[in-house]
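> Work the whole structure out from these sequences, hints included.
Protein chains: 2
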Amino acid sequence: MSIENSVKELGRQAREASRIIAASTVATRNQALLAMRDAIADNRNDLMAANAEDLAAGVKSGLAPALLDRLELNVERIASLMVSLEQVAALPDPVGAIDGVRTMDSGIRVGKMRVPLGVIGIVYESRPNVTVEAASLCLKAGNAAILRGGSEAINSNLALGRYIQEGLAVAGLPAAATQVVATTDRAVVDALIRLSDYVDMVIPRGGKGLIERISGAATVPVLKHLDGICHVYIDAQACPDRAQAITLNAKTHRYGTCNTLETLLVDEAAIALLPPIADALAAAGVELRGCPKARAASASVGVAATEADWHAEYLAPILAIRVVAGVDGAMTHIAEYSSGHTESIVTENHGTAMRFLREVDSSSVMINASTRFADGFEYGLGAEIGISTDKLHARGPVGLEGLTSSKYVVFGDGHVRQ
Amino acid sequence: MSIENSVKELGRQAREASRIIAASTVATRNQALLAMRDAIADNRNDLMAANAEDLAAGVKSGLAPALLDRLELNVERIASLMVSLEQVAALPDPVGAIDGVRTMDSGIRVGKMRVPLGVIGIVYESRPNVTVEAASLCLKAGNAAILRGGSEAINSNLALGRYIQEGLAVAGLPAAATQVVATTDRAVVDALIRLSDYVDMVIPRGGKGLIERISGAATVPVLKHLDGICHVYIDAQACPDRAQAITLNAKTHRYGTCNTLETLLVDEAAIALLPPIADALAAAGVELRGCPKARAASASVGVAATEADWHAEYLAPILAIRVVAGVDGAMTHIAEYSSGHTESIVTENHGTAMRFLREVDSSSVMINASTRFADGFEYGLGAEIGISTDKLHARGPVGLEGLTSSKYVVFGDGHVRQ
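Residue numbers (this note's numbering), protein chains in the order written: chain V, 1 to 418; chain U, 1 to 418.
Each hint should be verified, as a subset may be incorrect.
Copies of one chain are not kept apart here, so a pair can be met inside one copy or by any two copies together.
Stated by the list, open to error - Okay, derived cross-link-like pairs now, EDC-like style, lysine to aspartate or glutamate, Cα gap no bigger than 16 Å in a straight line: (1) LYS112 / GLU401; (2) LYS224 / GLU212; (3) LYS112 / ASP375; (4) LYS208 / GLU313; (5) LYS112 / GLU359; (6) LYS60 / GLU72; (7) LYS224 / GLU86.
I should point out that these hints are in silico values taken from the structure, not numbers from a laboratory.
Here it is, written out as structure tokens:
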């Protein structure tokens, strides 16, 4: 069978299984999740042996140490996989609720029911724990899933796939509900993202290259997350202590995350606040690249920023700083350079804060808070499958609800249309 | 300037205008809508003259009478355009509301704000009234719009575009907020649907050919509506009167709409209900095409159905009829052949009704009601921009909310992440 046909067959089976999963009770799905945990516990040694094969192959092929670290499944990480399955089982059922039922003039009652999406494809890179996280969230939301991990983790992923399917079997659910693709050929991905008849959504999890490649070629809808070029704007009426605490936290709490601050905007009327903040950032080891006004204000802003800096997602101890003309200047800069992920204003002025909140077009807009809060767990979603910088379907941190759809339900008593 | 560059320039201007529209108050947008109505009233004769040019060109090029009828703007239709503008102005503001604000353990308060989508492209065919309907709904929801109508209505559309921009000017809003494309070249559409940097969503309104062409080539998200192959299932425990009334209404109320019944499914245990219903349908002039069991049950089922009939959206006085084995048989048929638009069950059994409601994966699922109710106005949406058979973003009849997005809003008091 050609790769295209075998992916089509995977899709057909997933679609069939998705009907059974959608009709299952949440008790059954939770039973499967807990049985997956037990299957992992029972097969811990085999799982570590499979992972050791991947690690050995990775060493042989010269994988970078950081990638080898991401690939590794040690006792601790396996335990945390098991805990994550328990946590997903404990989450409330995201589907089945009927909301907003109203009686119309015609007499029919109309509402909306939250329902599973159907079949979800997940394409990810080296971390094998994504296999379990993605599988569990898709199942909890009543969906079938097709998982396609990186070739360097293939043995670990296939082992996890077996334990996942053991868990499904314990609950009497079909194995095709969660399929780990055994072929590492890249053509599998190309076929999967064009399988509109059988796949309802594809979620790429990985680097920018992966996400751009998939978004560019997919005919199936893609839940995507591109850059996080996040801004903090310090307004003329900012509280100096808050401005400093928020800037420091947003930049230095973690450098490699998408909700990390990358460009600091300072109102020209708040320029006096910049020097102590710049000194503190520099003391924390952050390289500061500023516009001429920022450099004139503080010797700690050691590098002249270029146009490229306003577009940069550094993911590193580097910060761009620009002095702007009030909240309008800040919003103009953000409209031009932001990736639409997260922006925060520091101000004590209510009107300015509310204008920023209303007018900035990003997935999270904050007042007097660190951009680092833009996260599914911090927002109380209970889980996070990704952070969407799209505006349709799901925007910002995406929890279980992003894996669902809705349908209209109509209750009549023999009603016909006049 | 090449067509691609001039469309890009349209998009750039629309994006710029969208920021101003998004920041405007609903009072300003309503003022613009009512000023558009006044501009149409003041220029009624010029509008009819522009329309007469289109009609003359249509006659000359041999347009079919039905298309000429759709193209015509007479006194009555212009009056109804004016009323529709008043109605849209009277609708509640779909954006700005902040919902679900909760205080997290960290102390930040998190909610979701409903916001405009940004820039919406509308591609439509011959009816010039779509220019006004689409423009008014996009503006009401705080969006900029780029409207590209059919070449046969170009003079009418450009005239309406002028009155729309007069209305925007009265309210102090930028003309680029609603642009009617002056070029009739098809390359405009090809460029528009790939303008991801400037256009947030494209809505095609027209025949299946148009929608498939656009969905296949677009890189911008498309709100699409394909076929309506709608089913009514008559269960063993159906009330005979309701079964007959609903079937007759769903099939014969209007033949050409997407929520019209196309295939009737009858439980083999309810076969006794079929003959009187078939007789009534035949008496109403509907050609009946049935499976062997349906034909054996009623002489009114005059034609043998083929596989193609189960896939057919007739939009005509023709109905396919199939006898199935209970609700499971009905749901299997629906899963295989339905377009996912609207399905209805006729039954007095609560458990069967609720299973059908939960398990059928269509944008509207009904109990004891005619499929003809699947409509934005019947659902109380106040307006309808289309009916989506997609599962992401918007599903089923789409009102103003389908033209909006949401963003997370975070209220802190200097909060930083631990």
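> Report the numbers of all earlier hints that the structure fails to satisfy, in ascending order.
7
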